[in-house]
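**Q** Counting in our numbering, the first sequence runs from 100 upward without gaps.
The reader is advised that the hints may include incorrect statements.
Okay, derived cross-link-like pairs now, DSSO-like style, lysine-lysine, Cα gap no bigger than 30 Å in a straight line [to be verified]:
no., residue 1, residue 2
1, K560, K144
2, K156, K269
3, K250, K102
4, K269, K316
5, K157, K121
6, K121, K156
7, K102, K210
8, K462, K560
9, K102, K143
10, K269, K216
11, K308, K156
12, K121, K102
13, K216, K172
14, K141, K389
15, K210, K415
Computed spacing ranges between beta-carbons, pair by pair [stated by the list, open to error]:
no., residue 1, residue 2, range
16, P492, K526, 30 to 40 Å
17, P535, R396, 26 to 36 Å
18, Q509, Q310, 28 to 38 Å
Because the hints were derived from the structure by calculation, they are not lab data. Because the structure is a prediction, the values reported are computed rather than measured. Every residue, glycine too, gets a C-beta built ideally from N, C-alpha and C.
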Amino acid sequence: MSKAIFWFRQDLRLFDNPALYKACQNHSEIILLYIQDKPLNKVKKTAQSWWLHHSLKKLSESLQAHQLSLTLKTGQVEEIFQELLSTNQIDAVYWNRCYEPMQIDRDQKLKSWLKQKKVHTESFNGFLLNEPWEVLNQQGGHYKVFTPFWKQCLKQMNIKPEAHITQWPKALNCDGENLEDWQLLPENPNWAQDFSSYWSPGEEGAQQKLQAFINNKLYHYKEARNNPAVQATSCLSPHLHFGEISPWKIYRVCCQYQLQHPEHDLNTQHFMSEMGWREFSYSLLYYFPKLTTDNFRPEFDQFPWHQYPEGLERWKHGQTGYPIVDAGMRELWHTGTMHNRVRMIVASFLIKDLFIDWREGAKWFDLTLLDADMASNYASWQWVAGSGADAAPYFRIFNPCLQGEKFDPQGAYVRTWVKELELVPNKWIHHPWDAPSGSLGITLGLDYPHPIVDHNQARHKALAYYQKIKGQ
DNA sequence: TGAAATGTTGGGGCG
DNA sequence: ACGCCCCAACATTTC
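With the sequences and hints as input, model every part of the structure.
**A** Right, here's the structure in full:
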């Protein structure tokens, strides 16, 4: 009778989970562990706390169907393993790798400690299509430009067979904590009250989202993905963040679709390349662990960011007076997500219209987004700022009115999230301040704010700033 | 995965 | 019929 611990982290699924598969295959008794490694009173409640609560609950329920249970523990990982090892005869420990710098560090230390204790320890890739250290350019370095990176990924992609567990080990009983005691759900105020009408955390919800996407959305993904009023995107990102679905499952389903529907090949390719950006971001984070704090391009260290707390607050709460920006920020607050096109618009606005440091924007997204991944979030903010690898050129400044007119021509998205503009005619929906007096049906400055800045002026200022740091 | 400024072209009005 | 101007419409350059 050999005994193992399986440590759940960002892989809260039973299907296609390589480390769990291996643990179940090789051992007859198992502890299924999840660790909250910050003291409970220090856990910051974020949108993702809400998701984590529901995801762990779902996971625990699906384990019960196999007469297994999820053991919850709070504390330092090494102390928890110490305790588990001393009270049980543990032969082996399994997990799937995580890729944030602190996690890598923590896991390395634990692994060598376990090896010292003569406990067989194995880690797997359950999170990415390719390991960051396996995708290298001709010179043996990491890619700094997306297109060649993704080409190389596709070239060397080796599709892993589905890992489906048929024989489950017996539960090795051990004391755990109560999920309710972790108090992950927000209250007073419950800002997550609407989340459950948009999301179903857990493995089953993830599979449903994937099916719905393949059946109803993938065929016109390339065009429709840019229209924020249409639900044309997969909405898989939070599921991927928590590992409720494996990226290979998505990849395999896409490859199959590609064969069956060659006429939609461009759409399929485009969707897969979005998975590619996720991979690219992880590669950047792996080779540049300071991605969250430091500019990838050092000349941006000289950028004269403004201290503008009032502007930041108005941005966060969707009160900038630019309808498409405010709609995005309010969608984020109410649903825990924001359409990707609008993320670029609000990010460009914070950086290039308000001149607020991209780190402030990234921090707010960390708190409020259900899908916030350290890699994708920070790589994308640096991309917009122009300070990142393969970033948008500095002169690419979004005009929020034109972006609105181009991607939300009927104003449907704006009207969904900015109710006070519901009756404003299409002509003025993206720039109400230009309307002749009396034609809006509302009063600017009373029902809806005046624009916080003049975009045209801000644009010229931004160009001057960027010009100044160029070549430094 | 931009947008503004500037340049070019061509049709129509008009003397 | 011709030259001239105006100005959309489109193309190119610049930030």
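**Q** Against each hint, give a clear statement of whether it holds in the structure.
**A** To see whether the hints hold, each was checked on the structure:
Using a Cα cut-off of 30 Å, the hinted pair K560 and K144 is violated, with the two alpha carbons roughly 37 Å apart. Among the hinted pairs, K156 with K269 is consistent with the structure: their alpha-carbon atoms are about 20 Å apart, no more than 30 Å. Annotation: proposed proximity of K250 to K102 is violated, straight-line Cα distance about 42 Å (limit 30 Å). Pair hint K269 plus K316 does not hold up; C-alpha atoms about 41 Å apart against a cutoff of 30 Å.
The straight-line distance between the Cα atoms of K157 and K121 is roughly 22 Å, inside the 30 Å bound, and the hint therefore holds. About 23 Å separates the Cα atoms of K121 and K156, which keeps this hinted pair within 30 Å; it holds. Among the hinted pairs, K102 with K210 is consistent with the structure: their alpha-carbon atoms are about 17 Å apart, no more than 30 Å. Restraint check for K462 and K560: the C-alpha separation of about 25 Å stays at or below 30 Å, so the hint holds.
About 34 Å separates the Cα atoms of K102 and K143, which puts this hinted pair outside 30 Å; it is violated. With a C-alpha separation of about 24 Å, the suggested pairing of K269 with K216 holds against the 30 Å cut-off. For the suggested pair K308 and K156, the alpha carbons sit about 19 Å apart, so the restraint of at most 30 Å is met. Taking the CA atoms of K121 and K102, the gap is about 13 Å. The hint holds against a cut of 30 Å.
Under the criterion of a C-alpha separation no larger than 30 Å, the hint pairing K216 with K172 is consistent with the structure, at around 21 Å. Taken as a hint, the K141 and K389 pair is honoured in the structure, with Cα atoms around 23 Å apart against an allowance of 30 Å. Between K210 and K415 the CA atoms are separated by roughly 41 Å; this puts the pair beyond 30 Å, and the hint is violated. A hinted range of 30 to 40 Å holds for the C-beta pair P492 and K526, which are about 32 Å apart.
A C-beta distance of roughly 45 Å is found between P535 and R396, which places it outside the suggested range of 26 to 36 Å. Against the hinted window of 28 to 38 Å, the Cβ-Cβ separation of Q509 and Q310 comes to about 29 Å, which satisfies the hint.
Going down the numbered hints, you'll see the structure goes against 1, 3, 4, 9, 15, 17, while the others check out.
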